Structures are given as structure tokens and as C-alpha cells.
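> Going line by line, the protein sequences match chains A and B.
First residue of the first sequence? That's 1 in the working numbering, and the numbers climb one at a time after it.
First residue of the second sequence? That's 1 in the working numbering, and the numbers climb one at a time after it.
Keep in mind the hints are simulated off the structure, nothing from the lab.
It cannot be assumed that every hint is accurate.
As the list claims (entries may be wrong) - Only pairs whose alpha carbons sit at most 20 Å apart, straight line, appear in this in silico SDA-like list of lysine to any residue: (1) A/Lys20 <-> A/Asn70; (2) A/Lys41 <-> B/Ser83; (3) A/Lys41 <-> B/Val4; (4) B/Lys104 <-> A/Met45; (5) B/Lys67 <-> B/Ser25.
As the structure is a prediction and not an experimental result, all values here were calculated from the model.
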Amino acid sequence: GAVVSQHPSWVICKSGTSVKIECRSLDFQATTMFWYRQFPKQSLMLMATSNEGSKATYEQGVEKDKFLINHASLTLSTLTVTSAHPEDSSFYICSAREIQGGSQYFGPGTRLLVL
Amino acid sequence: QQPVQSPQAVILREGEDAVINCSSSKALYSVHWYRQKHGEAPVFLMILLKGGEQKGHEKISASFNEKKQQSSLYLTASQLSYSGTYFCGTDDSGGSNYKLTFGKGTLLTVNP
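Start from the sequences, fold in the hints, and give me the full structure.
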């Protein structure tokens, strides 16, 4: 199956700092990538849809100035959590959709802990 | 719209079968099934696109009904490795508005 990588896998940071998470599709091109957030024992909540070369589309209630998304190429999308606060602590997972076939694959996720 | 998954949880002994259902009030463009183990990201199992479709192999398979509003995941002769939370993700917009909305998940526990 297709492989999506995500780095870093763990981040611990102080309140007020910014954190950048990278997501790469390793063996396929993805014009569209997705960023999800998951709290313990809950479902996956879509934060935003990232399109290569254009602005991301954010879901209702997600602050675009706080969660900056850049989709620089067909294989790379980044999520920057700006001025992180403890309530931003969560499991962030990126996902990429194959152009052919439409299957959507997840990266391994990034656990963010803001102190 | 969030799809409805049932059951919320199921406990099996190794070798037993399970069925997990996913339903929507709207016709869907696609249904995607994933398994997530504790502490890990979801792993893709399969995608269903056509009404009446059945897919998979003998151990793990899925169906999509003709009206494209309901899908079921079938786990046959379960193994310990099948334990985890199963999510269905549904797309009810299609095209350039594609996005998956996930159900609340079904926690499957397989015991020896």
C-alpha cells in the first residue's frame, strides 16, 4: 500500500512556541492532503484540506491563523501550530489521497504536548 | 454528516466472526474502512465506490448496498491481531468537495 510519512512523531514544547509538522507521500503524488486531530478515545476530526499550490480549506471552528498549512509540492504538506497552548495538545494525523483510485492513507501521526 | 457506526464495541474469542455496520442518511460517493490500534494512526483496509459492491478476501471483506447508504465490514475467523478500533469514513459530496467524515468507531477486542 501507499506510504505516508510524518515528522516529528513526538513534540513537547512550551506554551507560546510554534511547532511545525511535515507530511510526505513517499511513493505516490497527492494533490490533496488532509490534516486531522484526534483526542483520546474519540473519532478523527478533519481540521483542513490542503491542496497543492493553493490555500487550504479549513473546517468550521478551526482557526486558520493558528493552524498554518502549506502544500508546497505534490508530496509535501506542512502544518504549523502557532503560539501553541496546552489545549492544543493532541494527536495530529495527516492523510494523503491517491489521485488514481481515490484511496486515502494516513501518516503515523504526531503527538503534541504543550506545557 | 457523520455516519453512524454499530456496534460501539464487540468482544470476540479467537476464531469468531464479527460484522460492523456504517450507515448514512445520504447516498455516498465512497466508503473507506480503517483499523486503528491503540497509540497508532489508522491503517487503510479498503474503499468501496459502487452500489452493490463487495470487496476484500475471505478473512476481511466489506459490502456497499445498492442505495449507497450503508456499508458493512465482515471479519471472519478473527485473530488476535484484529483487535483495535474500526472506523468508517464516508464521502457524501464527491468531486472537488471530497472529504471523509468518520464515524465514532467500533472497538473490537479479540481474546484468546
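> Run every hint past the structure and note whether it holds.
Verification of the hints:
| no. | hint | verdict |
| --- | --- | --- |
| 1 | A/Lys20 <-> A/Asn70 | holds, 11 Å |
| 2 | A/Lys41 <-> B/Ser83 | holds, 15 Å |
| 3 | A/Lys41 <-> B/Val4 | holds, 16 Å |
| 4 | B/Lys104 <-> A/Met45 | holds, 10 Å |
| 5 | B/Lys67 <-> B/Ser25 | holds, 11 Å |
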